[in-house]
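These protein sequences, in sequence, are chains V and D.
Per the UniProt record's numbering, the first sequence runs over residues 1 to 153.
Per the UniProt record's numbering, the second sequence runs over residues 1 to 149.
Please keep in mind that the hints were generated in silico from the structure rather than gathered at the bench.
Careful: at least some of the hints might be erroneous.
Unchecked claim - Chain D is faced by these chain V residues, among others (derived, beta-carbon under 7 Å):
id, residue
1, Asp-37
2, Ile-43
3, His-83
4, Ala-109
5, Pro-131
To be verified - So the derived list for chain V, only partly shown, Cβ under 8 Å to chain D, looks like this:
id, residue
6, Pro-38
7, Thr-39
8, Cys-40
9, Met-42
10, Thr-50
11, Met-100
12, Asp-126
13, Lys-130
14, Arg-133
Glycine residues also receive a C-beta, built at the ideal position from the N, C-alpha and C atoms.
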Amino acid sequence: MNSSNGNGSMSTASSSGAWDGRDQFPAGLRVLVVDDDPTCLMIFEKMLKTCLYQVTKCNKAETALSVLREHKNGFDIVISDVHMPDMDGFELLKHIDSEMDLPVILISADATKQIVMKGVTYGACDYLIKPVRIETLKNIWQHVVRKKARNTV
Amino acid sequence: MDLVHLQRQLVDYRTSLYHEGFLDEQFTQLQSLQDENNPDFVVEVVSLFFEDSERLLNELSKALEQQIIDFKRMDAQVHQLKGSSSSIGAHRVQKLCIVFRNYCEAQNVEGCLKCLQQVKHEYGIIKTKLESMFQLEQQILNAGGSIPV
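Extracted from the complex, chain V is given alone in its bound form (with noise of 0.2 Å):
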């Protein structure tokens, strides 16, 4: 297992649960990120943190699910890498999605139209193909606002 956020800690710094972002916005949007090579890890970690976001990483995907699990309200987003070992980004979607209100960004190699298609309909708000720059990831937040504003009216 492998997940850290920038202090080290899984802790997120908004213990009331929701980000409210305010003034900040969108720095400190809390995000999990799933990617089983470590090197892209490494890449997306540094890419979130540069957008002043508060970032989590893990290796797999049973893992993330038990962050997430063991600290609801504690994101605000999820990307996750498609194709890994053992349970992949699709499942885990569909895991987040019965389980939490969460918006989930799916990120692969792979860019034929019918896994783009298949990402999409399993509910993945974004399907973005690798090398993910870092332009992309400055505008993730509206995902999150999105929801929220789909989840008030």
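Fit chain D to the supplied structure of chain V, relying on the hints for placement.
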């Protein structure tokens, strides 16, 4: 060699790596992530890439030596190599992985063997080139200079 010379040599070397298609703009993204708080970020990520790639290439070699070849597992490994090489901007390695995956899908042993050799070859080249580039950077730093962007 004096500092200015070293710096010019580095810039020329780096430019040639892009021009010859060894590196693409994703490598530039990595460099832009490096700052005073993480001055060794690029070296660290690239070292991780080398370690992981060598592991994958070894596993692919072993897989192709088996009586019964597990193409599905090989495809997953090549897919991972494609993802990591694209993430650091190792352009030629990434492109070869695409071809390699096609051979895996077609369960073409000859094609896979040939591709593996090519990937190993290209990987060896980019590893040597990046290590040379890091050495040049270190020489510049040791001489009290800064790395030109």
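Problem set entry | Unmet hints by their number, sorted upward, for this structure | Failing hints, ascending: 11, 12.
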